[in-house]
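Q: The chain contents come next:
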Amino acid sequence: MTDKKISVTRRGALALAGAALGSGAVTGFPTIWAQNIRNITLRQLGTGVSGLNPIAEQVKKDLGFTLQLTVTDTDAVAQRAATQSRSFDIADIEYFSIKKVYPTGVMQPIDTTKIKLADKIVPIFTTGKLTPQSAVAQGTSPYSVGFVENATAKTFATQRTPLMTLLPTIYNADTLGIRPDLVGRPITHWKDLLDPAFKGRASILNIPGIGIMDAAMVAESAGLVKYADKGNMTRAEIDKTVAFLIEAKRAGQFRAFWKTFDESVNLMASGEVVIQSMWSPAVAAVRSRGIACTYQPLAEGYRAWGSGLGLMRHLSGLQLDAAYEYLNWYLSGWAGAFLNRQGYYSAVLETAKAQMTENEWGYWMEGKPAASDIIAPDGKVMEKTGAVRDGGSFQERMGRVVCWNSVMGEDRYMVQKWNEFIAA
Amino acid sequence: MTRLFPWIQTAPLALVLAVFLLVPVGMLVVVSFYDYDAFSLIPAFVLTNYQELFTSPVTWQTYLKTIYFAGITWAVTLGIGFWIAYHLAFVVQNATLRMVLFILCTVPFWTSNLIRMIAWVPFLGRNGILNSTLIGMGAIEQPLEFLLFSDFSVILAFVHLYTLFMVVPIFNTMMRIDRRLLEAARDAGAGFWQTLWCVILPLTKPGIGIGSIFVVVLVMGDFATVRLMSGGQSASVGLMISNQYGAMQYPAAAANAVGLLLMVLLVVAAMLRIVDIRREL
Amino acid sequence: MPGRVARLLLGALFGAFMLFLYGPTLTITILSFQGPDGGLTFPMNGVSLHWFGRLFQPQAVGDLGAAMTRTLLLAAMVTATTVVVSLAAGMAFRRRFAGSTVLFYLTVASLIVPSLLVSLGIGLMFNLMEWEPAWYSSAFGAQLTWTLPFGLLIMFAVFNRFDRSWEEAARDMGATPWQSFWHVVLPIIAPSVVGIALFGFTLSFDEFARTLLTAGSGNTLPLEILGMTTTVTTPVLYALGTVSTAVSFLVIGGALIGMRLMRKRRGI
Chain D
1 MTDKKISVTR
11 RGALALAGAA
21 LGSGAVTGFP
31 TIWAQNIRNI
41 TLRQLGTGVS
51 GLNPIAEQVK
61 KDLGFTLQLT
71 VTDTDAVAQR
81 AATQSRSFDI
91 ADIEYFSIKK
101 VYPTGVMQPI
111 DTTKIKLADK
121 IVPIFTTGKL
131 TPQSAVAQGT
141 SPYSVGFVEN
151 ATAKTFATQR
161 TPLMTLLPTI
171 YNADTLGIRP
181 DLVGRPITHW
191 KDLLDPAFKG
201 RASILNIPGI
211 GIMDAAMVAE
221 SAGLVKYADK
231 GNMTRAEIDK
241 TVAFLIEAKR
251 AGQFRAFWKT
261 FDESVNLMAS
271 GEVVIQSMWS
281 PAVAAVRSRG
291 IACTYQPLAE
301 GYRAWGSGLG
311 LMRHLSGLQL
321 DAAYEYLNWY
331 LSGWAGAFLN
341 RQGYYSAVLE
351 TAKAQMTENE
361 WGYWMEGKPA
371 ASDIIAPDGK
381 VMEKTGAVRD
391 GGSFQERMGR
401 VVCWNSVMGE
411 DRYMVQKWNE
421 FIAA
Chain F
1 MTRLFPWIQT
11 APLALVLAVF
21 LLVPVGMLVV
31 VSFYDYDAFS
41 LIPAFVLTNY
51 QELFTSPVTW
61 QTYLKTIYFA
71 GITWAVTLGI
81 GFWIAYHLAF
91 VVQNATLRMV
101 LFILCTVPFW
111 TSNLIRMIAW
121 VPFLGRNGIL
131 NSTLIGMGAI
141 EQPLEFLLFS
151 DFSVILAFVH
161 LYTLFMVVPI
171 FNTMMRIDRR
181 LLEAARDAGA
191 GFWQTLWCVI
201 LPLTKPGIGI
211 GSIFVVVLVM
221 GDFATVRLMS
231 GGQSASVGLM
241 ISNQYGAMQY
251 PAAAANAVGL
261 LLMVLLVVAA
271 MLRIVDIRRE
281 L
Chain W
1 MPGRVARLLL
11 GALFGAFMLF
21 LYGPTLTITI
31 LSFQGPDGGL
41 TFPMNGVSLH
51 WFGRLFQPQA
61 VGDLGAAMTR
71 TLLLAAMVTA
81 TTVVVSLAAG
91 MAFRRRFAGS
101 TVLFYLTVAS
111 LIVPSLLVSL
121 GIGLMFNLME
131 WEPAWYSSAF
141 GAQLTWTLPF
151 GLLIMFAVFN
161 RFDRSWEEAA
171 RDMGATPWQS
181 FWHVVLPIIA
191 PSVVGIALFG
201 FTLSFDEFAR
211 TLLTAGSGNT
221 LPLEILGMTT
231 TVTTPVLYAL
241 GTVSTAVSFL
251 VIGGALIGMR
261 LMRKRRGI
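Taken in sequence, the protein lines are chains D, F and W. For the first sequence, counting from 1, position 378 maps to 378 in the UniProt record's numbering; every step adds exactly one. For the second sequence, counting from 1, position 19 maps to 19 in the UniProt record's numbering; every step adds exactly one. For the third sequence, counting from 1, position 79 maps to 79 in the UniProt record's numbering; every step adds exactly one.
Worth flagging that the hints you see were computed from the coordinates, not collected in a lab. Errors might be hidden in some of the hints.
As the list claims (entries may be wrong) - List of simulated lysine to aspartate or glutamate pairs, EDC-like, C-alpha gap at most 16 angstroms:
hint, chain 1, residue 1, chain 2, residue 2
1, D, Lys-380, D, Glu-360
2, D, Lys-353, D, Glu-366
3, D, Lys-61, D, Asp-75
4, D, Lys-368, D, Glu-383
5, D, Lys-368, D, Glu-358
6, D, Lys-380, W, Asp-37
7, D, Lys-154, F, Asp-37
8, D, Lys-249, F, Asp-151
9, D, Lys-226, D, Asp-239
10, D, Lys-226, D, Glu-300
11, D, Lys-199, F, Glu-145
12, D, Lys-240, D, Glu-220
As the list claims (entries may be wrong) - To list a few chain F residues with every Cβ distance to chain W over 12 angstroms, as calculated:
hint, residue
13, Ala-14
14, Asp-35
15, Trp-110
16, Phe-146
17, Tyr-245
Unchecked claim - Stretch by stretch, here's where chain D covers chain W in the computed footprint (C-beta under 8 angstroms, at least three residues):
hint, stretch
18, 58 to 68
19, 115 to 127
20, 194 to 208
21, 221 to 229
All values reported here derive from a predicted model rather than from experimental measurement. Here a beta-carbon is modelled for each residue, glycine too, at the ideal position from N, C-alpha and C.
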C-alpha cells in the first residue's frame, strides 16, 4: 500500500507546513514540501481579464506546481462555477457573481489566518471604505459579499470575519470610453451617452449585472430617475430605467451592445461607436493601434468592479495547501505589479510597488506624467514620455467610485426586464 | 438470434439517444416546474415559470421574431439553395468538378465560426470592405449603416451559415432523378420551365422538405448568430434562454426551453405532414 | 437541359454565391497580414507576417495548441463513433423490427431539438447527478446527439438506393452475414461512409452550442476562442483562420492529386 505511505508522509509534511504558515515563518517560496507539490495541478476558471498565461508561468517558476487556466466570458464563469464546480479547483470570479455562486454551496471560505498579507489588503475589501472618511459605495460592493460567519454559512456576514469568500486580486474603476477625434466636444457627464449627436454611435454593455449599473449612472445623470440605492433598485426603479433604455434604443441611439471585451475594442477601433461603456485595458488596446481613445472621467464618478480567487468546496489535503500557497503568492507582489501595469489595481499595493519601477508606479498609481516610455508586458510602447493616466491617481479614481456591479434583490425581475430591453 | 440482431445493431444508437437526449430533455421538463430564488433551485411543482413566461408580451414578441428570422432565412436559402443544387446536379457534368465545387463550398466552414463572425465587422462595417468598395465605385456617398448590427446582417449570416444545409439534400434528390425522364419531357415538347415545374420540382420535394427542416430548426435554436450579428440589438428565443441561463435562472430557462421545443416540434410536424422523410430519402 | 443563357446565369449565380461564402474568409485573410500594431478591424496598420509568427508562440490568454489537440481528439472520437454506430443502425433499419418506428422518431427528434437545449439539459443532468462534465464524456455525448442522426440519415439515403441482389448473390454463394457485409456491402457503400466521416468531423470540429455548457474544465477550440475574446485579442485569430483555410486547400489539393495518381495507376 504505497498510496497510504505517501499520504501519511504528505500529512506529516502538511502539518509542518501548516505550522510554519501559522507561525508566519515562511517567507519565501517554494516551501518544504516542494517535492510533493510539483505534481499538483490546480485548475482555475476565469475570464481572460486575469486568466493570463504569464501568471501561470510565474506560478510554475515560483511555486513549482501547475496552474491550468480555463478562460471564458463573465456569465459563463458564474455558470460553470455553479454547475460544473467539480471541473475546477479555483474560481477567479467577480464579486457580483459570487453573490449568486457562493450561496449554492460549491465553494469553501478562505481562512484568512493562513493569508499572511490579509491585513495589507486595500481597505475597500475589508471595511468597504477606501479611507475611513469615504462612504460605502452602492451596489454589490466586495465588502458586502466578502465574508461569511462560518464554513457552512450560505449567507454573507455583515461585517469583517476571519473567513473570506474571495481573496481579492483585481479591481478597477470604470467609466465611458470615447473617441476624442470623433465626438467633437468635451464629454463631462454620464448622460452625454444619450446626446442625440451620437445617434447610432453609442453603445453600452450587455451583461445585465454591469449594464444596468451603467444605465443607472446615465439615467441618474440625466435626471430621469432618482434612485434610493442604485445597487438595489425597486421594481419601479427598474421599470423606469429599462423604459428609458428602450426609448433610447428605439430612437436609434445605440449602434450595438457588447458582451465581450474584444467586441468593445473592435467597435471603438473600427469607428462604429464613438462613446460607450468600456474597460480600462480595452481603451489601452484601442490606443495601442494608434487610434485616439480616452477613458473619460465623469462628474458623477465611477462604477467599479472587483474579482477575486475563490476555493471550490471539494479542495482538500495537499491541493488545498497548494491553493493557499497560490493565494499568498498572488498578494506577494509579482502578480500585483503585472496587473497594475495593465491598468488594473492589485489588492495589496505595497508588495506590487516593490516590483514596479518608480516611473511605472508614478504613471499607473500616482497620476504622474510618465518620466519615460511606459512599456506594455509584451514589450511594446504603451504610452509615450509625458503621458498622464486618464482619471489620475489610484486615490482619485477609486476614491470616486459611486457604485459597484450588482446583483440586486430584484435580480429575477431585473433580468426579465433586461431581456425585454434587448428584445425591444 | 437473427431476431435479436437488429436490436444489437441499434443498441448503441438507442443508448446514446436515451442518455444524452431523453434524460436531459426530461430533466429540462422537470426543472421547468422547479421554483428558484437568486441562489438556488428549489425542487417543487410550480407553474410560475410558465406563467411569467407566457404572460409577458416580450416572450410573444421574441417568439414572433424568431419565427420571422426562420421564415425569411428559409425563403432565401431555398431560393438560392435550389438553384445552386440545380447548377451542381444538371449543369456541371463532370463528377470530379462537381466534387471539387462541393468541397470548395465547405472550406470556409473549417475556420471557426466565431472568427468568421468577428470578420463580418470589418467586412460590413462603416469602414468595411463592402462600404469602401461601394464608395470607391461611386455607387454610394455615405456608408450604408444597415449592413451591420441589424436584422439584415443577422439574416445574411444565417444564409451564409445554412444555405449548404439546403443545397445538400436538394442536390441529393436531384441526382436520383432518372435523366431519361428529363429527355422524355423534352421529347414531349416541354420547355425549361415546364420541365422544372412538372418533373424536377415534384421529384425534389423530399429534398426541399429535409433542407427546410434543417434550416428552420437551426435558425430557431440559434443564439450566438443573433447576438453577434445584431450587436445585441435583437433577440431570439435561444438568446433569451442563454441570457436566463447566464443569470443562473435555470427553471426560467428550462420553461422557455420547453416552449421553444414545442414550437420547433409543431413546425417540424407540419413539415413532416408534407413529406415523409423516411420513405423519400 | 437549360439553354445557354440559363447556364450562364446559373454559373454567375454560383460564382456570386461562392464569393459570398468566401467574403469573411477573404476579410480574415487580408487582415491576418496586419502590421504588428494592427487590430482586428480596418484600417490596416502596415503589412507584415507578424501574426503568423505569434500564432505559434504562447498567447497571453488561452492555449490554442491544447485546445486544438482536444478538439481534434474529440472530433476523431465523434467521427469514429458516428461511422460505426450509424453504419450498424443503418444496416438494422433496412428491415422493420419491434421498436424501429420509435427509434426512428427519436433520431429525428435528436436532430431537431435545438443544440442549446441539449447542452442545457446535459449540463443540468451532470450537475444534478453530481458527475464531472468533461469534453470526452458530456461534450462527446452532446455532439453525438447531433452527428448520429446525420449519419443515420445518410445511411438511409444510401440503403434506399442499394441493390439488394448483390447481397443475395453473396448469400447464395454461401457467405455468412458478416462476410457478405465485409466483402460486398462495405466496399459498395465506402464512399458514403467516407462522407459520414467527413460530415461528423466537420460538425464536431466547429460545434459551439452543444459544448458550451458541457465541456468541463477543458475548452475546445471554439470555446477557447470565445474565452480569448474576453480580453485583448489580436489578429492572431485571423492568422489561425488563414492557416486553417490554407491547410484545407492543401489537403484537398493533395487528395485530388492522389486520386488522379491512383486512377492512372489503375489505368482508368
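Q: Against each hint, give a clear statement of whether it holds in the structure.
A: Hints, one by one, checked against the model:
no.	hint	result
1	Lys-380(D) / Glu-360(D)	14 angstroms, holds
2	Lys-353(D) / Glu-366(D)	11 angstroms, holds
3	Lys-61(D) / Asp-75(D)	31 angstroms, violated
4	Lys-368(D) / Glu-383(D)	13 angstroms, holds
5	Lys-368(D) / Glu-358(D)	10 angstroms, holds
6	Lys-380(D) / Asp-37(W)	9 angstroms, holds
7	Lys-154(D) / Asp-37(F)	13 angstroms, holds
8	Lys-249(D) / Asp-151(F)	14 angstroms, holds
9	Lys-226(D) / Asp-239(D)	12 angstroms, holds
10	Lys-226(D) / Glu-300(D)	14 angstroms, holds
11	Lys-199(D) / Glu-145(F)	12 angstroms, holds
12	Lys-240(D) / Glu-220(D)	11 angstroms, holds
13	Ala-14	6 angstroms, violated
14	Asp-35	15 angstroms, holds
15	Trp-110	5 angstroms, violated
16	Phe-146	17 angstroms, holds
17	Tyr-245	6 angstroms, violated
18	58 to 68	holds (count 6)
19	115 to 127	holds (count 4)
20	194 to 208	violated (count 0)
21	221 to 229	holds (count 6)
Checked against the numbered hints above, the structure breaks hints 3, 13, 15, 17 and 20 and satisfies the rest.
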